[in-house]
Amino acid sequence: MELDPDDVFRDDEDDPENEALRERASSKELVVYLVDASPKMFSTKCPSEDRKDESHFQIATSCILESLKTQIINRSYDEVAVCFFNTREKKNLQDLNSVFVFNVADREFLDRPTAKFIKEFSHLEEFFMKDIGSQYGIVSGSRENSLYNALWVAQALLRKGSAKTADKRMLIFTDEDDPFGNIKGGAKADMTRTTLQRAKDAQDLGISIELLPLSQLDREFNSSLFYADLIGLQGENLAQLMPAAGERMEDMKYQLRKRMFKKRIVRKLTFSVANGVSIEVHTYPFIRPTVLGSITWLDSVTNQPIKIERSFICADTGALMQEPPKRFQTYKNQDVKFSVEELSEIKRVSTGQLRLLGFKPLNCLKDYHNLRPSTFIFPSDEEVIGSTRIFIALHRSMIRLKRFAVAFYGTSSHSQLVALVAQEEIIDSGGQVEPPGMHMIYLPYSDDIRHAEELHSTTNASVPRANEDQIKKAAALIKRIDLKDFSVYQFANPALQRHYAVLQALALEEDDLPDIKDETVPDEEGLARPGVVNAIEEFKQSVFGDKYEESDNAGHKKVSEASKKRKALADSAVQKSVQYNWAELADSGKLKDLTVVELKIYLTAHDLPVSGKKEDLIKRILTHMGK
Amino acid sequence: MARNKEALVLLLDVGPSMHHLLPEVEKICSMIVQKKLVYSKYDEVGVVLFGTEETENELTMEVGGYEHVVVLQNIKVVDGDLVETLKQIPRGTVPGDFLDAIVVGMDMLIKKYSSTNKGKKRLCLMTNGLSPIKDPYEGSKEDQVNAIAEQMTSHGMKLECVVVRESVVCGENVSVMEENDRILNLFPQKSCAKTIFVESSTSLLGALKTRNISPVTIFRGDLEISPKLKIKVWVYKKTSEEKFPTLKKYSDKAPSTDKFASHEVKVDYEYKSVEDANKVVPPEQRIKGYRYGPQVVPISADEWDAVKFKPEKSVKLLGFTDSSNIMRHHYMKDVNIFIADPGDQNAIVAVSALARAMKEMHKVAILRCVWRQGQGNVVVGVLTPNVSDNDHVPDSFYFNILPFAEDVREFQFPSFSNLPASLLPDEEQQEAADNFVKMLDLTPSDRKEMLQPDFTPNPVLERFYNYLELKSKHPDAAVPPLDKTLKRITEPDPELLAQKKSAIDSLLRHFEVKEKPKLKKSTRRMREKPSGSDDEDNYRRISSKTEVELIENGGKVEKIGDSTPVQDFEAMMSRRDNPEWVNRAITEMKNKIHDLIEDSYEGDNYAKALDLLVALRKGCILEQEPKQFNDFLHQLCKFCLQNDLRSFCDFLATKGITLISKTEAADSDVTEEEARSFLVKSEPKPE
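Chains A and B, in that order, are what the protein sequence lines are.
Just so we're aligned, residue 1 is where the first sequence starts under my numbering, counting upward by one.
Just so we're aligned, residue 1 is where the second sequence starts under my numbering, counting upward by one.
Hints listed in this document are in silico derivations from the structure and should not be mistaken for laboratory results.
Please note: incorrect hints may appear among the correct ones.
In silico EDC-like links for lysine to aspartate or glutamate, alpha-carbon gap of 20 angstroms or less [said to hold, decoys possible]: (1) LYS359(B) - ASP523(A); (2) LYS337(A) - ASP389(B); (3) LYS366(A) - ASP389(B); (4) LYS479(A) - ASP515(A); (5) LYS517(A) - GLU312(B); (6) LYS248(B) - GLU537(A); (7) LYS337(A) - GLU312(B); (8) LYS228(B) - GLU615(A); (9) LYS249(B) - GLU342(A); (10) LYS266(B) - GLU537(A); (11) LYS249(B) - GLU309(A); (12) LYS402(A) - GLU84(B); (13) LYS332(A) - GLU515(B); (14) LYS359(B) - GLU341(A); (15) LYS266(B) - GLU453(A).
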């Protein structure tokens, strides 16, 4: 146990500064895109969405481009290389023919994507023919094998990083299902064999090879001719390849910009069940609000990063001091001092573990018993054997008996009562939707619960309640406006998506902002359907009678009354304000001789905030005058 | 009285049947005053006792009656004396009449604030409601309650009744109790009153709001079901974490003669170029940069304002959905409550109709909310019905924020059913677990729900305010252990464990748990000592085990054990891998010595404590930490004198232990003479 004096004060979970570090340290992905650049890729045209014909080559590169733009936000520590084969020029470390690794300055071949890289890549079409060129690399009569070369180059690039910490992949985009089709006889067999061997070597090194085949309009890509052997597919998987590849391309293009987090354990906890029996559980941050990436402050003149220096100054003497070791609270007219140790001692009311206190029926967990996002708990036998078994037994009992556990979760900085709610595994066609385990829900204390609803309780008469008919009408309305398959995962955060879009536009110097659709706006069209409108009208009639418009207006009137009052105040302030020569008062430094009420006249007349101390008011007036 | 000020009169039942509860009553009442001293120190509080032998109130003098009611404290601004008063509430001798007490309390409030009634006036009654109420001179008890309630309403007073019911009442008391309960429940129907029944002393501590926070709406406007149907609502916070108070940093730079020193510390921030540490960048010259890959893209505030997401202020319905579509663990934050505009009767009915229909149909509503104009984001959340069973409280909705797609991390976990059989429970084990979950029940049928969040106080805050009070009197006091009542929150209830012993034993019999040996202890796992917890022994065991391991691993001592404390201390002092070790060793040694003396019986530990003290003294001289030792010795002697352990001081004097003087360590500010005379001087002055 290494002693870390700062640790006591750190809120252990979700430390944003460490997040980036952890991300980098955890496993990353290394990808090499291998794009066939043979003349055939350019000649085939496919009709695309906006009816402009696109060549296979364009499809492949736009797909990679979109994927790069997402990747730089989602997993910017992942590394990529883009490599064309069947090219006229060559550029690669091995100096092999027909292979061209695309890159920009200040970047290794396989490296993190940069704005410059993405930008250059988006202009690829303008210079591709001139600088790289397209040319068949496998011709009869020559021993050249561009596919073999491409695999070799890719494999060499992926030599970087250990297989343990990195996930290595190459993705091949091609529309040639029979690369050695025009070679005859022994040469063909020979080239096929060496190419397959090369692929196998790569796979043995832990590199996975994926194929994204592009079909001709009239003829489907026949992977059984050659590629099935290369990527090692058989039977059913082979049949799945084509449709899966189509989906894959769509995915790459329309992926959500979302920072990815590697699964990480927040904490290893001891969960004490009863009488000294403790099991081991791990906690995971399953749902956490995503924030805009961390901000780096820059000097706006040089655009260089700046650092923040904090200094402590004694308010009495003005002396510079070290971070003071004591804190104080004014209490009963005296300064009660606490040392940092004493404060952490107060906060430490329990060992850093989870302690089971008992069980309650699920309906005791009210909707308002919530404070923070929940944390997921999963058992582990890593250090305590037998943990998983007890956990699963309790998990099953809790689900069957519809109960949740109440436990006390104490850490050095935060102690809280928690509810442990068992969650059964939910699987749909897409895979695991909800993993099995328990969710730890942070319960409020009585100090945290407010009773706003009681504020407006009436003293004598009962408050109005809806009658049967009104409830029936409400039910009809609810049935009409039903979201059948609502899932909490369905909305992207429009503010965040907008931020990413702006960031991308600025970084890539794009002229216009990409359009971000706000998915959270209500379905106006749906609400205008006659059925819905009728249900609404009936509900309105039942609750409001004919008075709906009136009550609507009443509200407006109230607002206007308040604003009228405010306006009258401002008007009178303007009138009064004329009586002062503000500029002169300011110049002669006599503002401080006025009363706060007088100062506020100026502020109100100019629609400025009137809050704060006298000094603040004067400062605000001077700022407003531009002095 | 100012608008935000509150006048509170505590009406406390001190009759014989309440005696065993009074320690808890004292705690909660003094806590209320302590918090007022911090957060609203101009509030006023009065205290009325009933069930006392004596009678002392103005009404009895004016009109007669109202016997056995004593005004312990007239309404006054809160101060330290009041805390003291409430910590020692005199015990009464007769069963008290709570109606009399309520009238006396009301009378005090009316007399004090007859004309100025701007502030809040609150009566707070604490009783077990087991003593009979006298029959009124005229009319029935109900009439009397009605009259009181009317008075209360007309003077804008609120009444809170906390009724403690610990165990099942039997015999003749039952009829008294039932009648009292009926009367106490009449108040909420007739006036602004609230009656809370609690069962345990822990819930008693949490039953009253100890801090008043004036509620503010976060939104007032339309809940838009469709463009054609808008309901006026107000949105408040339902839960909001009460944080540990932020204390100010203390500066000791001001001379002690300066009585008006604020002792505050200002924190100043300076921005400097990373490349050139001498170049200061003015704050307005800063610009925010966001990461884009390895690069940082600067975006100025203006630029950002021009393009950022700017939704209109609105609260709109997206639709209704089955409540099963929303999982409980999707709730993201603290909770809001939607209440219909209290001035709009139609809105109240509309909310009521929707809430009741949603409850019947098991539906929830999904909303999109922008609380304020100019807010840069939207929230999507779920509205759940809160149907009120109190005729005076309108129906409302709870609102919980849901995650966006970006907020959900798609971690995969193995299915339990796919795990190897060795990790899965067999049938018998499952049965034992079922039984365990059933038996360890916090909602027994004959009692109220235990540890209900609504009645559970925050143990850390309770502990802080108690310590604050203690420190205001004894600045050097150490942090006291966690209160017994509060331990019911942090640890399982021993009573419950004892009752359900068979279910627990059966669970333990069926499952085997074994710690894997030789695994390096994870540093993230905390094995800290919970202060003052039952765990300490357990903890010591663990730590002494780690200690053995550590010594085996190369003799790095990290803890002072019980067997060879002096050696451990010396080893820790000589560690050079982190300067913190010295401080840690000294602190641990001090604790050890303190514990020894405190635990000693007729001085049996004195010799051992002396050994440690000698070692500590030596260590402090070596490490140039004389002040640490000197302060500790002062403290120790003071502690001994206060706790009837004078014999230890004498013992030290005979063994010639002195303060560390200047001659021994240059940093000391104690002269040799002072050092020698210290223990002699510490003898109490004759009084």
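Give me the numbers of the hints this structure contradicts, sorted from smallest to largest.
1, 2, 4, 6, 7, 8, 10, 12, 13, 14, 15
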